[in-house]
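Asks: Sequence:
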Amino acid sequence: MSEKRGNTVKLRYDFNEARCCEVEYAPGKWGRTTGREFRSFKGNRRILNVDDPNNAFYEDYNGPVYLFGTNKTINQSDKDGLQFENGIDPRDQYRKQGRWRT
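Numbering-wise, the sequence shown is residues 32 to 133 according to the numbering used here.
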């Protein structure tokens, strides 16, 4: 019998991840992201509040920043953007290597 490997820890979300989560990836430019990436982004973050559908508004989110794929909070980092353990993006192993055909 083989054991399960990989992402076996339930990630902690300190916000409602079903709402529209956005991060500021460049000055004045916001992009929608998944809850998993939102919780690991160091920089400006905001969530769309739709408690009253007739008066929806964005509110800044100032919660903790976690290392990607873990429940460990970051201590300090000079780099904005997604925060990875050991500075290595674990998603790279699944990306296709090589060049696009033209």
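Possibly wrong hints are sitting among the right ones.
[Unchecked claim] No farther apart than 25 Å at their CA atoms in a straight line, the calculated lysine to any residue pairs in the SDA-like style are these: (1) Lys-110 to Asp-91; (2) Lys-60 to Lys-73; (3) Lys-110 to Gly-74; (4) Lys-41 to Asn-86; (5) Lys-103 to Val-81; (6) Lys-103 to Arg-76; (7) Lys-73 to Gly-94; (8) Lys-60 to Asp-120; (9) Lys-73 to Pro-95; (10) Lys-60 to Leu-79; (11) Lys-41 to Phe-115; (12) Lys-60 to Lys-41; (13) Lys-60 to Glu-90; (14) Lys-41 to Ala-87; (15) Lys-73 to Asn-106; (16) Lys-60 to Gly-94; (17) Lys-41 to Asn-85.
Hints are computed from structural coordinates only; laboratory data are not their basis.
Just so we're clear, the structure is a prediction, and the values are computed from it rather than from any experiment.
Asks: With a cut-off of 25 Å on the C-alpha distance, tell me whether Lys-60 and Gly-94 pass.
Replies: Holds. Lys-60 to Gly-94 sits at ~21 Å (cutoff 25 Å).
Asks: Taking only the CA atoms, is the gap from Lys-73 to Gly-94 under or equal to 25 Å?
Replies: 10 Å, holds
Asks: Holds or violated: Lys-60 with Asp-120, Cα cutoff 25 Å?
Replies: 23 Å, holds
Asks: Could you grab the alpha-carbon distance between Lys-60 and Lys-41 and see if it respects the 25 Å cut-off?
Replies: 31 Å, violated
Asks: Given the hinted pair Lys-103 and Arg-76, is their Cα-Cα distance within 25 Å?
Replies: Roughly 19 Å separates the two Cα atoms, so the pair holds.
Asks: Taking only the CA atoms, is the gap from Lys-110 to Gly-74 under or equal to 25 Å?
Replies: 9 Å, holds
Asks: Sort out whether Asp-91 lies within 25 Å of Lys-110, counting only the CA atoms.
Replies: 20 Å, holds
Asks: For the pair supplied as a hint, Lys-41 and Ala-87, is the alpha-carbon distance within the 25 Å limit?
Replies: Distance ~30 Å between Lys-41 and Ala-87 Cα, so the pair is violated.
Asks: Just to be careful, I want the Cα atoms of Lys-103 and Val-81 compared with a cutoff of 25 Å; is the pair within it?
Replies: Judged against 25 Å, a Cα distance of about 30 Å means the pair is violated.
Asks: Starting from Lys-60, check that the Cα of Lys-73 is at most 25 Å away, please.
Replies: Answer holds: Lys-60 to Lys-73 is near 15 Å, not above 25 Å.
Asks: Need the status of pair Lys-60, Glu-90: alpha-carbon distance at most 25 Å?
Replies: 16 Å, holds
Asks: Just to be careful, I want the Cα atoms of Lys-60 and Leu-79 compared with a cutoff of 25 Å; is the pair within it?
Replies: 16 Å, holds
When each numbered hint is compared with the structure, violations occur for hints 4, 5, 12, 14 and 17.
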